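Enquirer: Please take these sequences and the hints and turn them into a complete structure.
Here is what each chain is made of, one letter per residue.
Number of protein chains: 2
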Amino acid sequence: MSEPSWIGFDADDTLWHNENIFERVHERYFELLRRHHDAATVEKALFATEMRNLPLYGYGIKGFMLSSIETALTITDGAFSPGEIQELIALGKEMLDHPVELLEGAHEALDALAPRHRLLLITKGDLRDQERKLAKSGLAHRFQAIEIVSEKDTGTYGRILQRHAISAGRFLMVGNSMKSDILPVLALGGAGVHVPYRITWSHENAEAPTGAEGRLFHAASLRELPGIVERWR
Amino acid sequence: MSEPSWIGFDADDTLWHNENIFERVHERYFELLRRHHDAATVEKALFATEMRNLPLYGYGIKGFMLSSIETALTITDGAFSPGEIQELIALGKEMLDHPVELLEGAHEALDALAPRHRLLLITKGDLRDQERKLAKSGLAHRFQAIEIVSEKDTGTYGRILQRHAISAGRFLMVGNSMKSDILPVLALGGAGVHVPYRITWSHENAEAPTGAEGRLFHAASLRELPGIVERWR
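Protein chains in written order, with the numbering used here: chain A, 1 to 233; chain B, 1001 to 1233.
A few of these clues could be false.
[Said to hold, decoys possible] Example chain A residues on the side facing chain B (calculated, C-beta under 7 Å, incomplete): (1) Lys62; (2) Leu66; (3) Phe80; (4) Pro82; (5) Gly83; (6) Ile89; (7) Leu96; (8) Leu127.
[Claimed, not checked] Residues of chain B placed beyond 10 Å of chain A at every Cβ, according to the derived structure: (9) Lys1044; (10) Pro1115; (11) Ile1199; (12) Ser1221.
If you are wondering where the hints come from, they were derived from the structure by calculation, not from laboratory data. Values in this document were obtained by computation on a predicted structure and should not be read as measured data. Each residue gets a CB set at the ideal place from its N, CA and C atoms; glycine is no exception.
Expert: Here it is in structure tokens:
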């Protein structure tokens, strides 16, 4: 028997919608701050706060909530009412309690691949929030292992491959973020399938690399994944 | 060769100080709210908010920060100034950036046990925050595996034992929380060493069980641990 092949899946915006929820919350946030600043100014200030806080907070909704409160207080010189802060907290809780909406083709791709490959879920963010979404997704039983990590870089992927005794040459990672899902895996000698989501958080933007022929694939939706995996093998 | 024995360690308030940092922040919090309510009232309201938010936020400092802001806004009927909220955020960031102070005997216990046992770290809280503390502690290299989990119950411990192919009879868990570190492990047939910290968060309080003779040990400090492990084996 040949060595088994492993397929890693990102979760947010790869298996289920996530950024669209943030998008709606951002709209509401701009609305709340409209009497102080235009949306572009607010967006820029919020992103700067998030980037400054990222080393302390990590990824996830709670960090977003704290950064959105901090930004609002800062850019309004304190003229942001307690009631409005309570609105922001309520908005964050809604995000945390949001239903999980699977992306088109997610179920079918996992159905097609599970019988012949080992599937891994590799996702970053708040521990409890990712577990909640996975439970709500109904997809947990598809995966041999679930890895919830604080950062997705070559070090992280290297440790995961080692823990499960996976050769990089037999590993294919599927995700919407070129920066977090694809580039580190290509750097380790693995393969990647980039499935862009409709919108990408600026922090996750990166250029596609050159020199990864035969290891870097692009798909418009997860429906194309089983065919790509056939070509990769 | 006999089956190896595994020793699990809790982290917060077992290997390093944690609750004392919360204690100092609580003092500062009571101070900020003193003109509205006495400390006991504030404490009670904060704890109620934390318990209500626990399913959504999970354990950790970011959840605490959000709950402390929410409580302040609620119990002051909004008469809590934006500047004071910024103080709460700054206080939370200080907690997240706090130096790690090891508990007495932690180094020595790990030095004594590492050569003859497999050591596991099992801790709950924010992913990034726990990783940061572990890195700052200088203890990471002592552990065969690090498990950062969102809840410490029998299900969690059962999965960890299974993942590392550990028999419950060869597993001893060391921690300050009877509820999270000791009871679930005893329920699975493992052993526990309860090392109480000076203060315990009310949520972690639980009675010691009966009927766990020879599997439940008590220590005043980690200095006693190597001797207890000898008796257990």
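Enquirer: Does the structure break any of the earlier hints, and which numbers would those be?
Expert: none
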